[in-house]
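S.K.: Each chain, letter by letter, is given below.
Protein chains: 2
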Amino acid sequence: MKRAVVLLSGGLDSSTVAAVASSDGYEIFALTIDYNQRHRIEIESAKRVVKSIGAIQHVILPLNLRLFGGSSLTDDWEVTKNVPVDKIGNSIPTSYVPARNIIFLSVAFAYAETIQAEKIYIGVSAIDYSGYPDCRPEFLTAFENMAKLATKVGNEGGKISIVAPLVHLDKTAAIKLGLKLGVDYSLTHTCYDPADDGLACGVCESCLLRLQAFKNAGIKDPIKYA
Amino acid sequence: MKRAVVLLSGGLDSSTVAAVASSDGYEIFALTIDYNQRHRIEIESAKRVVKSIGAIQHVILPLNLRLFGGSSLTDDWEVTKNVPVDKIGNSIPTSYVPARNIIFLSVAFAYAETIQAEKIYIGVSAIDYSGYPDCRPEFLTAFENMAKLATKVGNEGGKISIVAPLVHLDKTAAIKLGLKLGVDYSLTHTCYDPADDGLACGVCESCLLRLQAFKNAGIKDPIKYA
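One line per chain: the protein sequences are A and B, in this order.
Take the first sequence: its letters are residues 1 to 226, numbered as in the numbering used here.
Take the second sequence: its letters are residues 1 to 226, numbered as in the numbering used here.
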């Protein structure tokens with residue numbers, strides 16, 4: 001059976017993508033990066049999703065991006081501490097984490113090359129992407145080409161491809177796709193600013209996008225909100 | 001004063017590159033990745049080098065690539081345990097660490113973007129590169145272009161450039177350059193298979209390349225060997 005690495009945050013998008021990889025016939029090697037994000041509770045969701053899809057392996061890699069800061073998602077500094085609320089726009093928000101998807105894909109390539117996977121699944125969308133530049137297809141293509149030059153597998157004529165099944169879908173379409181594939185969205189976590197007990201806030205940028213998408217899909221979001 | 005991130009392993013090449021960055025007039029922000037390599041003793045060398053060049057900041061980022069394995073430098077598995085000895089050749093050796101320089105540059109971009117550095121210095125050489133594909137100039141160019149697409153700074157018309165001062169130099173030329181810039185090579189560490197007390201073995205691929213280079217430069221290597 002062929003193998004794929006799935007970058008799994010525990011959120012709605014990556015959980016949907018894991019189901020796509022599974023329905024594409026791949027053995028799933030899930031990779032979760034614990035970047036010391038303030039919403040680390042999503043890692044618990046990732047574990048639940050891994051169980052529900054029956055992955056072969058789940059690597060949780062600590063990679064403390066808080067050492068650098070530069071984002072409202074990782075910064076301890078008061079000045080950028082507030083996660084942006086109600087800011088669904090076109091500019092790059094403060095929740096942008098410098099080079100996050102470059103780092104995540106890099107690590108995914110290391111994992112994929114080691115286990116001889118031929119695909120890396122990632123849940124980015126160029127539609128509902130909150131203005132993050134590292135969610136666009138031209139970035140993914142550039143990354144794939146760069147990685148072909150840098151890896152042993154690439155230099156031996158092989159290739160590890162990046163698959164982004166949601167890249168041209170909005171979040172509503174992603175939810176509809178996931179429901180068709182049997183994704184249990186009650187297991188997922190989306191909020192950037194959860195309460196201490198893990199409950200989603202319902203007012204951060206990320207919650208607003210999620211709630212709007214479920215509303216548009218005509219379905220009740222199965223998670224609880226504070 | 002302008003800022004540069006220097007990827008500093010504590011080895012001969014990266015220590016030379018740090019001196020180049022300094023002589024190019026940059027404030028130095030040193031970045032060392034603790035990837036749980038078996039020769040982690042090199043991190044102590046990195047700390048000594050940072051002191052000697054007077055860097056502004058030194059971030060040591062734990063990033064445990066041993067979780068994946070796939071290399072004689074990180075693997076615990078018996079089958080790949082032996083670091084290659086006396087194998088200076090053209091094929092990709094077992095000490096190749098999957099996607100290592102992709103990962104290191106990714107993290108360097110995150111750091112550089114956060115501190116608003118304009119350059120990233122890296123000590124790769126396409127001449128004495130042990131057959132590693134991620135040490136060639138075409139890889140560095142592809143990475144730079146990919147990162148321009150993925151980062152906020154790139155999307156705002158700026159650019160973070162990768163500088164590889166040794167890319168067209170062999171190790172002998174690197175040593176001559178470093179000596180001209182006042183690098184104290186007694187602080188550096190090169191061995192892939194050091195003894196428990198940190199002494200270099202003198203027989204691994206990495207030691208052989210170093211010893212040969214000092215010999216060619218007509219200088220005695222100032223470090224001790226077991």
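FYI, nobody ran anything at the bench for these hints, they're computed from the structure.
There may be inaccurate statements among the hints.
Said to hold, decoys possible - Pulled a few chain B residues facing chain A out of the computed Cβ check, cut under 7 Å:
{"#": "1", "residue": "Ser52"}
{"#": "2", "residue": "Ala55"}
{"#": "3", "residue": "Gln57"}
{"#": "4", "residue": "Val59"}
{"#": "5", "residue": "Phe109"}
{"#": "6", "residue": "Pro133"}
{"#": "7", "residue": "Phe139"}
{"#": "8", "residue": "Phe143"}
{"#": "9", "residue": "Gly202"}
{"#": "10", "residue": "Val203"}
Glycine residues also receive a C-beta, built at the ideal position from the N, C-alpha and C atoms.
S.K.: All hints, please: hold or fail.
M.R.: Results of checking the hints against the structure:
1. Checking serine 52 of chain B against chain A by beta carbon gives a least distance of about 23 Å; that is not within 7 Å, so the hint is violated.
2. Because the smallest distance between the Cβ of alanine 55 of chain B and any Cβ of chain A comes to about 15 Å, over 7 Å, the interface hint for this residue is violated.
3. Checking glutamine 57 of chain B against chain A: minimum C-beta separation of about 10 Å lies over 7 Å; hint violated.
4. Interface restraint check for valine 59 of chain B: the shortest CB-CB distance to chain A comes to about 5 Å, inside 7 Å, so the restraint holds.
5. Checking phenylalanine 109 of chain B against chain A: minimum C-beta separation of about 4 Å stays under 7 Å; hint holds.
6. Hint status for proline 133 of chain B relative to chain A: holds, with the closest Cβ pair at about 5 Å, below 7 Å.
7. For phenylalanine 139 of chain B, the suggested interface contact is upheld, since its CB lies about 4 Å from the closest CB of chain A, less than 7 Å.
8. Annotation: phenylalanine 143 of chain B was flagged as interfacial toward chain A, and the flag holds, the nearest CB pair being 5 Å apart, inside 7 Å.
9. For glycine 202 of chain B, the shortest C-beta to C-beta distance to chain A is roughly 27 Å, which exceeds 7 Å, and the interface hint is violated.
10. Hint status for valine 203 of chain B relative to chain A: violated, with the closest Cβ pair at about 24 Å, above 7 Å.
Violated hints, listed in ascending order, are 1, 2, 3, 9, 10; each of the other numbered hints is respected by the structure.
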